[in-house]
Every structure is written in C-alpha cells, then in structure tokens.
Amino acid sequence: METSLLMIFLTGALINNVVLIQFLGICSFLGVSKNIKNSASLGVAVIFVIGIASAVASLLNDYILVPFHLEYMNTIVFILVIAALVQVVEMFLKKTSPVIYKALGIYLPLITTNCAVLGVALTNVQEEYNFIQSVVSGLGTAVGYTIAIVLLAGLRERINENDLPKPFRGAPIVLLSAMLMSIAFSGFAGLSF
Amino acid sequence: MNGYLERIYNGVVKENPTIVLMLGMCPTLAVTTSAINGVGMGLSTLAVLIFSNLIISIMRNIIPDEVRLPAYIVIVATLVTIVDLIMQAYTPGLYASLGIYIPLIVVNCIILGRAEAYANKHTPMLALFDGIGMGLGFTIALVVIGAVREIVGAGKFFGMTILPESVPPIAIIARAPGAFLVIGVLIAVLNALSIKTAANKKVNGGCDGACASCSSDCDSNGEEAAK
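As given, the protein sequences belong to chains A and B, one line each in that order.
Per numbering that gives the first Met the number 0, the first sequence starts with residue 0, numbered consecutively.
Per numbering that gives the first Met the number 0, the second sequence starts with residue 0, numbered consecutively.
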C-alpha cells in the first residue's frame, strides 16, 4: 500500500466521493441540506468527528484488535467507540469552547448514526492503511462529504423558488439533483498522479 | 392471528420502510445495481431485523431504560457480525459484491427505529412478525429497484440476458448516478399516482423524522452512558 497521502486525500474527497459515489451518509445528506448555513455547520462537525474517529479506530485496530486476533469484532468495537467518542467530543466542546459548541452542538449527535463515520473506519481497515494514512483518508472523506452537502444545499435553495411539476416536489427533485451531481463527480474518476 | 398478518401488511405496504418512510437509504442506493444484490441485502437485513426485534422484545423488561440504546446497539452489532461471518463462509460471491454494506447494517435506521418504536413495547411474537413485515417490505423495494437497474443498465434479469442485442443497455443506470435517478423517478411516479410516500406526507417527514429520532436517541443514550 504505497499510495501517496495526497492521492488518498483526493480519492476520499473527489474520486470516491463518500455521498455521491459510495452512498454513505445519505440520510443526513438528504435531510439536513435545506440551507447552506446548516449544511456547512454539519460539514465542519463531520470533518471534526471523522478525523478523530478514524484516528482512534486505527489505533484500536492496530494495537488491540490485531494483536489479540479479534478482527472479526471490529464492527461492534467501532460503533461503540464512535458513539462514546461523539459524546465525549460534545462534552469537551461544551466545557472548553462554548462558541464552537454553539455552532456544532446540535449536529454532533446526528453524526453517530451517520454511516460515513463507521464506513471510513471499516474502509481504512480493509485498505490496511497505517495511522497517518487513516487520518488523511478520514479527513479526505469528510471534506468530500462537506463539499457534496453544501453544493446540494445551494441547489435546493435555488430549486425552492422554481415551479416544479407536483409529483417531483420534495424528495424526488432532491434525488434527481443528487443524480446530476453524481454524474459530475464521476468525471473525477480519471484523476491520478 | 389477525394482528400478526396486519404487522406484515403494515411493513410491506402501509409503512414500507424504503418508499413510505425513506429509511435505510444508504444500502438502498448502494447495492441495488442488480436484482440479486437486492435479494442478498434485503434478506440479510431481514434476518438481523427479525432476531433483533425478537431478542429486544424478550429482554424489554430486563434492560434498564437508561441504557437501552447502547444495549440495542450491542445486540444489533452482534447479530450483524454473525450474518457477516455466515455470508463470508457460504456466499462468498455475494459477500464480495455487497462488501462494506454488510457491516453497515448496524447503522441502518430501520433496525434501531423498529427496536425503539415497536419491539420494546410489544410481545415477542408481534415484534417477530413486525420484523418479518418490515424486512420483507425492505427486500421487495430493493429487488424492484435492483431489477429495474439491472434490466435497463445491463439488459439482464437475475444474470440472464433478456434484452436483444439491438437494444443497447444504458450503462449509467447501473452506476452511481442511476441509483438516484431510479429512486427519484420511482417516488415521483408513486406521487403522481397519489400513493402515500415520504414525499407527499408533509415535507419529507420520513427521512428527517428518522434521523432526528435516531439522533435524539443517540443523544440521550450518550448522556446516560456518561452518567
């Protein structure tokens, strides 16, 4: 696994975009993308949590699960660690920086059920990334998530002012907008260094 | 017996998790590149859902209310690991094509959603049938979407070529963008026929509600765990 860090980052952010190509975190992608401001806040919170979660998951995997031959337990361990971690991050922010907490607070609990977090942790194990590579891949994925959700929110703010055929209002038009974005992101597939 | 049949009807038609509630969208979009993948994903989720509903319902008076969500997560994650290992051993081909989406059944909102909304309030038999109904509803939706994408995208149905050579397959339907397209159009068609779906049931209530309830659950769960 001699992939350069830049390539890992770009793969996560653009080529293999977590939402549009891998379909992880669709629930919040469709649910929270009503306006740009909230989407951007959620995006920042996701970058924060995935960054920490992929670091912790990588350490746990390398120093606890693998030495004791417990790799088959990784799903259980990761989901519990992520749930606990989100809570710890929330409490930590509440005490240390109320400003950030106020901006991110309501989005943090949403992230536990965001399958992108667990997905990144599991992908990192599958790809046999080391600690640094895991963190970079996690951050890349989270940046990709943020790009996708902010772009979709921008589209939805425009769409709201248009007169749509009735059957397409609500979920269908959001899914179709996501389809066009997904086609655009497929174009990154040729990118390599 | 009526109550049990009603549960199955409820899961398949009235509250179909995919079309009506818009829960579990990640696997719905990701694995429906072919009908057989839809069957595999649907049945694995069905198995986890039946046993998680059953176990949670049996243990509903034993698990203290404050720590119920972490307990549910452990039960679900254990069942998913069992399914994961079984599929790895007996259906390696399917396991390879579903990949990471098998362990991700843990974070499928349908499962925790049913545990919280139904299984922890009802008797084991009812919960079991609720699991069967919801699981079947999910499976049917996945198979239908998978079949459409396979026929249009590859000209095949369950791996058999059914379209003549003169009809070129539209490859993009089988790739990532096709998933959004097929589900979006499917919901629009159901809307046009004014069948109750997530979209015309108050602005997107299903997905939002599901995420909100899941997240508030996880919120309280964490707080309780922290105490």
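No lab work stands behind these hints: they were computed from the structure.
Any given hint could turn out to be false.
What the hints assert, rightly or not - Calculated lysine-lysine pairs in the DSS-like style (CA-CA distance at most 30 Å, straight line):
#1 K165(A) with K120(B)
#2 K33(A) with K101(A)
#3 K13(B) with K120(B)
#4 K94(A) with K36(A)
#5 K120(B) with K33(A)
#6 K33(A) with K93(A)
Below or equal to 30 Å on CA atoms is what counts here, so check K33(A) against K101(A). Holds - the C-alpha atoms of K101(A) and K33(A) are around 19 Å apart, at most 30 Å.
Holds or violated: K94(A) to K36(A), with C-alpha atoms at most 30 Å apart: OK: K94(A) and K36(A) at ~24 Å, within 30 Å.
Just to be careful, I want the Cα atoms of K33(A) and K93(A) compared with a cutoff of 30 Å; is the pair within it? Holds. K33(A) to K93(A) sits at ~26 Å (cutoff 30 Å).
Taking 30 Å as the top limit, are the C-alpha atoms of K120(B) and K33(A) close enough? 34 Å, violated
Are the Cα positions of K13(B) and K120(B) separated by 30 Å at most? Within the cut-off at roughly 20 Å; holds.
Holds or violated: K165(A) and K120(B), Cα atoms, limit 30 Å. 38 Å, violated
When held up to the earlier numbered hints, the structure conflicts with 1 and 5 and fits the remainder.
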